[in-house]
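Chain B: place on chain A using the hints.
There are 2 protein chains.
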Amino acid sequence: MFEKILFPTDFSDVATKALQYVKRLKEAGGEEVTVLHVIDQSNLELLSSYSTIQDFISIEKEIEKRSLEEIALVVNELKQLGFKVKERIEKGVPLRVVLKVADEENPSVIVVGSHGKSNLEELLLGSVSEKVVRKSKHPVLVVKR
Amino acid sequence: MFEKILFPTDFSDVATKALQYVKRLKEAGGEEVTVLHVIDQSNLELLSSYSTIQDFISIEKEIEKRSLEEIALVVNELKQLGFKVKERIEKGVPLRVVLKVADEENPSVIVVGSHGKSNLEELLLGSVSEKVVRKSKHPVLVVKR
Chain A
0 MFEKILFPTD FSDVATKALQ YVKRLKEAGG EEVTVLHVID QSNLELLSSY STIQDFISIE
60 KEIEKRSLEE IALVVNELKQ LGFKVKERIE KGVPLRVVLK VADEENPSVI VVGSHGKSNL
120 EELLLGSVSE KVVRKSKHPV LVVKR
Chain B
0 MFEKILFPTD FSDVATKALQ YVKRLKEAGG EEVTVLHVID QSNLELLSSY STIQDFISIE
60 KEIEKRSLEE IALVVNELKQ LGFKVKERIE KGVPLRVVLK VADEENPSVI VVGSHGKSNL
120 EELLLGSVSE KVVRKSKHPV LVVKR
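As they're listed, the protein sequences go chains A and B. Here the first sequence stands for residues 0 to 144, where the numbers follow numbering that gives the first Met the number 0. Here the second sequence stands for residues 0 to 144, where the numbers follow numbering that gives the first Met the number 0.
Pulled out of the complex, with its shape left as it was, chain A reads as follows (with noise of 0.2 Å):
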């Protein structure tokens, strides 16, 4: 029921919360976690209409070290506790990129933040985990601010 757990993290306060949440369904039957980030798509394009290529090259290349190292400390701090863990990093919209790897993953349940690092364009359009809630077919664990 808790055996296989998707953690899409943006390594916010509130995706930090929900972590703690994954540790705790250890006992509960988890054995094994997709830890996911999303590489926001709409912001790599809003980044690349404000700079040179150059600059471009260089922050994108910056915001995947950034991703690889913030992902290594969830993976160890999951690791530790006995998961058995999985990472990945992807480029896209959010919302669908969670929803193309829980549809490839297929978790017992997914655990996610209420909101992301995004809070204006989500009290706008709701957050992107009501829309995983909505849209998936898995079980959905949201944690609060």
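Treat the hints with care, as some may be off.
[As the list claims (entries may be wrong)] Restricting the straight-line Cα-Cα distance to at most 25 Å, the calculated cross-link-like pairs of lysine to any residue (SDA-like) are: (1) B:K25 with A:E31; (2) B:K143 with A:L94; (3) B:K25 with A:G28; (4) A:K143 with B:S48; (5) A:K116 with A:G81; (6) A:K130 with B:R95; (7) A:K143 with B:V13; (8) A:K134 with B:Q53.
[Said to hold, decoys possible] Each pair of labels, with its calculated beta carbon distance range: (9) A:L72 with B:E61: 56 to 64 Å; (10) A:E44 with B:E63: 34 to 42 Å; (11) A:T15 with B:K60: 25 to 33 Å; (12) B:E31 with A:E68: 36 to 44 Å; (13) B:S41 with A:L43: 41 to 49 Å; (14) A:R95 with B:L80: 37 to 45 Å; (15) A:F55 with B:K85: 52 to 60 Å; (16) B:E63 with A:R144: 33 to 41 Å; (17) A:L72 with B:R144: 32 to 40 Å; (18) A:I52 with B:S41: 41 to 49 Å; (19) B:A71 with A:K85: 40 to 48 Å.
I should point out that these hints are in silico values taken from the structure, not numbers from a laboratory. If you're wondering where the values come from, they're calculated on a predicted model, not measured in any experiment. Note that beta-carbon positions come from the ideal geometry of N, C-alpha and C, so glycine has one too.
Below, chain B without anything else, positioned relative to chain A:
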């Protein structure tokens, strides 16, 4: 993190599926469950407009009687697992009642089925559980059909 669980149920199939997740959370520290059933005010109002007062009173009593019987089954199932259980039957608008009870009980987590019995209305207006996710300040585990 999962100590105190609020479990709103309309006794539908998906609520019964959600109950299995509640039970499994015992192992992750679940101790206490409040089982909440809301008798939907709008159904009662619809009913009252199509029936005589005498019919309405007897149908309402029948609904209350069945609710008591059904909630007792859920309560027993949870008690047998060693949960401390509270039961609450309330009349009102499901979303509002769930949020009100969540405020009063301050649960660690709300476990809820993704869709209630009133499927068509939910398709048009969004499900109660989606709105609970949006409006509650507590973590919500949404179990899908």
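Structure-based check of all given hints:
For the hint linking K25 (chain B) to E31 (chain A), the alpha-carbon distance of about 20 Å falls within 25 Å, and the restraint holds. Between K143 (chain B) and L94 (chain A) the alpha-carbon distance is near 18 Å, which keeps this suggested pair within the 25 Å criterion. At roughly 11 Å between alpha-carbon atoms, K25 (chain B) and G28 (chain A) fall within 25 Å of each other, so this suggested pair holds. Pair hint K143 (chain A) plus S48 (chain B) does not hold up; C-alpha atoms about 40 Å apart against a cutoff of 25 Å.
Using a Cα cut-off of 25 Å, the hinted pair K116 (chain A) and G81 (chain A) is violated, with the two alpha carbons roughly 29 Å apart. Of the pairs offered as hints, the one joining K130 (chain A) and R95 (chain B) holds, with about 21 Å between alpha carbons and a cut-off of 25 Å not exceeded. Taking the CA atoms of K143 (chain A) and V13 (chain B), the gap is about 23 Å. The hint holds against a cut of 25 Å. About 44 Å separates the Cα atoms of K134 (chain A) and Q53 (chain B), which puts this hinted pair outside 25 Å; it is violated.
Separation of L72 (chain A) from E61 (chain B) is about 57 Å and conforms to the stated range, judged on CB atoms against 56 to 64 Å. Between E44 (chain A) and E63 (chain B) the CB atoms are about 57 Å apart, so this pair departs from the stated range of 34 to 42 Å. Hint check: T15 (chain A) to K60 (chain B), Cβ distance near 51 Å, so the stated range 25 to 33 Å is violated. The supplied range of 36 to 44 Å is met by E31 (chain B) and E68 (chain A), whose beta-carbon atoms lie about 40 Å from each other.
Taken as a hint, the range 41 to 49 Å holds for the pair S41 (chain B) and L43 (chain A), whose Cβ atoms sit roughly 46 Å apart. As the Cβ distance of R95 (chain A) to L80 (chain B) is approximately 39 Å, the hint placing it in 37 to 45 Å holds. The hinted window of 52 to 60 Å between F55 (chain A) and K85 (chain B) holds, with their beta carbons roughly 57 Å apart. For the pair E63 (chain B) and R144 (chain A), the supplied restraint of 33 to 41 Å holds, since their beta-carbon distance comes to about 38 Å.
The supplied range of 32 to 40 Å is met by L72 (chain A) and R144 (chain B), whose beta-carbon atoms lie about 36 Å from each other. The hinted window of 41 to 49 Å between I52 (chain A) and S41 (chain B) is violated, with their beta carbons roughly 58 Å apart. At roughly 43 Å, the beta-carbon separation of A71 (chain B) and K85 (chain A) lies within the given 40 to 48 Å, and the hint holds.
Checked against the numbered hints above, the structure violates hints 4, 5, 8, 10, 11, 18; every other hint is satisfied.
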